[in-house]
Every structure is written in C-alpha cells, then in structure tokens.
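S.K.: In my numbering, the protein residues as written are 1 to 126.
Each hint should be verified, as a subset may be incorrect.
Quick list of the computed label-pair ranges, beta carbon to beta carbon [as the list claims (entries may be wrong)]:
no. : residue 1 : residue 2 : range
1   : Arg91     : Arg6      : 38 to 44 Å
2   : Asp89     : Ala38     : 25 to 31 Å
3   : Ala67     : Ser96     : 32 to 38 Å
4   : Leu60     : Val7      : 32 to 38 Å
5   : Trp9      : Ser96     : 43 to 49 Å
6   : Ser75     : Ala40     : 23 to 29 Å
7   : Arg92     : Arg70     : 25 to 31 Å
8   : Glu80     : Thr8      : 30 to 36 Å
FYI, nobody ran anything at the bench for these hints, they're computed from the structure. Even for Gly, the Cβ is constructed at its ideal location relative to N, Cα and C.
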Amino acid sequence: MAGGRRVTWGDLDVHYFDYGLGDSPAVSCGVAVRLGAALAARPEKARLRDAERHSPPRWLEPATRRALLREAGFSEGDIEAARKRIVEDQRRRIQSLPPLHYLEQLPWFVARSVRRKIRKRFQAFR
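Let the hints inform the model, and build the full structure from the sequences given.
M.R.: Given below as structure tokens:
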C-alpha cells in the first residue's frame, strides 16, 4: 500500500464477571441477568483473533438464565421475586403510555415535545 495507512490491533484485556440478578424491564422473557462481581483481579490477555472465543452469548434462554443464576448462588425464590418485579415494571410501563388512538391522530412530523405534553396531559386524568 503505497502512501496508505496501516492499522494494527494489539492484545485485548478480557475481564470475567459473575452473574447477578438484573432489574431491567426491557428483558423479553424470564429474569434479567447483569454483571456481578469480578471473578479475577487481573484481566486475561488475548489476541483479537481469539476474541470470539471470549465473547458472551448474545441471547440466553430463560431456563439457561435461571441455571446460571442458581450456579452463582441465587435461590429460586430470589430469582422468582426478581422476575415478578420485572413483570410488574413492564405492566406499569405499558399503563403509563397515553391511549394509542391519540397518538395515531398526530402527524408524523410532530415534535417530541408535543408528544410529551400530550402524555403529561393524559396522565393528569389518572
């Protein structure tokens, strides 16, 4: 490459963490999993080409999440309580939205601030 720039990548620092109970209402099903405490004080060195081996899975089945949390020391009661909190938060989030037919009447170019004003107005009726 005459006159071109060359990019190189160095080593990666791979940190390992325990699993923890999450509280995100954005989870699609089951209980949320978050990062827990660090398992090692020092990160492990790895090459970029080996990074895929260290990558966590993109999506976990609900049963797999429960198994990971049990292995991390959480009781079945703790896991179920967290799942119920998440479901309740999801229900409250849905109920806090204004009625859909009011939003459908707005043109597509209406600013976000107008939508927020409408939401506040209809929350006052609850």
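S.K.: Each hint: holds or not?
M.R.: Taking the hints in turn, this is what the structure says about them:
1. Arg91 <-> Arg6: 38 to 44 Å: violated, 54 Å
2. Asp89 <-> Ala38: 25 to 31 Å: holds, 27 Å
3. Ala67 <-> Ser96: 32 to 38 Å: holds, 33 Å
4. Leu60 <-> Val7: 32 to 38 Å: holds, 34 Å
5. Trp9 <-> Ser96: 43 to 49 Å: holds, 45 Å
6. Ser75 <-> Ala40: 23 to 29 Å: 25 Å Cβ-Cβ, so the 23 to 29 Å window holds.
7. Arg92 <-> Arg70: 25 to 31 Å: holds, 28 Å
8. Glu80 <-> Thr8: 30 to 36 Å: Given range 30 to 36 Å: violated, Cβ gap about 49 Å.
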